[in-house]
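Q: As numbered in our numbering, residues 2 to 266 make up the sequence shown, in order.
Be a bit skeptical, because a hint or two may be false.
[What the hints assert, rightly or not] Calculated lysine-lysine pairs in the DSS-like style (CA-CA distance at most 27 Å, straight line):
hint: 1; residue 1: LYS180; residue 2: LYS72
hint: 2; residue 1: LYS72; residue 2: LYS241
hint: 3; residue 1: LYS72; residue 2: LYS98
hint: 4; residue 1: LYS199; residue 2: LYS98
hint: 5; residue 1: LYS180; residue 2: LYS199
Bear in mind the hints are in silico, worked out from the structure with no lab data behind them.
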Amino acid sequence: MIRDITLGQYYPVDSIIHRLDPRVKIIAATLFIIELFIVNDFTGFAVCAAVLAVVVGLSRVPLSFIMRGLKPILLILIFTFLLNIFMVDGRILWQWKFLKITDAGLYTAVFMSVRLILLIIGASLLTLTTTPIKLTDGIERLLSPLSHVGVPTHEIAMMMSIALRFIPTLLEETDKIMKAQQARGADFESGSLMARAKALIPILVPLFVSAFRIAQDLAMAMEARCYRGGKGRTRMNGMKLVRRDAVAILLMIIFLAGIIALRVM
Numbered sequence: 002m003i004r005d006i007t008l009g010q011y012y013p014v015d016s017i018i019h020r021l022d023p024r025v026k027i028i029a030a031t032l033f034i035i036e037l038f039i040v041n042d043f044t045g046f047a048v049c050a051a052v053l054a055v056v057v058g059l060s061r062v063p064l065s066f067i068m069r070g071l072k073p074i075l076l077i078l079i080f081t082f083l084l085n086i087f088m089v090d091g092r093i094l095w096q097w098k099f100l101k102i103t104d105a106g107l108y109t110a111v112f113m114s115v116r117l118i119l120l121i122i123g124a125s126l127l128t129l130t131t132t133p134i135k136l137t138d139g140i141e142r143l144l145s146p147l148s149h150v151g152v153p154t155h156e157i158a159m160m161m162s163i164a165l166r167f168i169p170t171l172l173e174e175t176d177k178i179m180k181a182q183q184a185r186g187a188d189f190e191s192g193s194l195m196a197r198a199k200a201l202i203p204i205l206v207p208l209f210v211s212a213f214r215i216a217q218d219l220a221m222a223m224e225a226r227c228y229r230g231g232k233g234r235t236r237m238n239g240m241k242l243v244r245r246d247a248v249a250i251l252l253m254i255i256f257l258a259g260i261i262a263l264r265v266m
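Can you build the whole structure from these sequences, using the hints too?
A: And the structure:
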């Protein structure tokens, strides 16, 4: 289950999506998330899903690999679905004692689940098609106007990219610790919910120790390479918008206009 989390991972393959400027991809991912919240019916979700399917195809990232990222949030999806299906008032379709399913609750439960699935897939594509270094540079360049008012944009971008980069590393460490505990007789799957929660406590202490060790090693490696922040820093590969980036921006504007038009209609 832990290895199924794809957020923060990079899938190395040559595709037109991978070659796009990271600033364009960051803006596209942000606009896609905003558009998902603008949509108010399943027609809009169908359009978003169709566009997302085209992007997935162009990225050449296997759909099975992307869908793996939904497994760890399956409990959240189920909880969200049940919360909406039983808590929203409307015309009663089924009732047993205090539990009832309404037409509005069923619609809302499906609606919110579809939105959450599309949001996770869209956000995962950003990290799957962009290396941590390019992601850092893209965030820093987008935030660069704020540096004129004293905002440490380079440090913010660095922290965000490091956090994303080390999600897979910490998940791998968690997997190793869990296997080591299971080899010593620990049981994480049987018993009540409270018992399983208590069984996770022995994992947290070594995980925090491992996280601090990784952070210290990273800090020492950065100091050994004379890292002193963004001031005076140069880049070996500069970022420059080319024709494919301009086409992507134009398509984003058309897509946004279409979603707004569907909302108004």
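Q: Against this structure, judge whether each hint is valid.
A: Against the structure, the hints:
For the given pair, LYS180 sits about 20 Å from LYS72 by alpha-carbon distance, which is consistent with the 27 Å threshold. A threshold of 27 Å between alpha carbons decides the hint, and for LYS72 with LYS241 the separation of about 37 Å lies outside it, so the pair is violated. For the given pair, LYS72 sits about 32 Å from LYS98 by alpha-carbon distance, which is inconsistent with the 27 Å threshold. Restraint check for LYS199 and LYS98: not satisfied, since their Cα atoms lie roughly 33 Å apart, outside the 27 Å limit.
Restraint check: the Cα-Cα separation between LYS180 and LYS199 comes to about 17 Å, which is no more than 27 Å; the hinted pair holds.
Hints 2, 3 and 4 from the list above are not met by this structure, while the remaining hints are.
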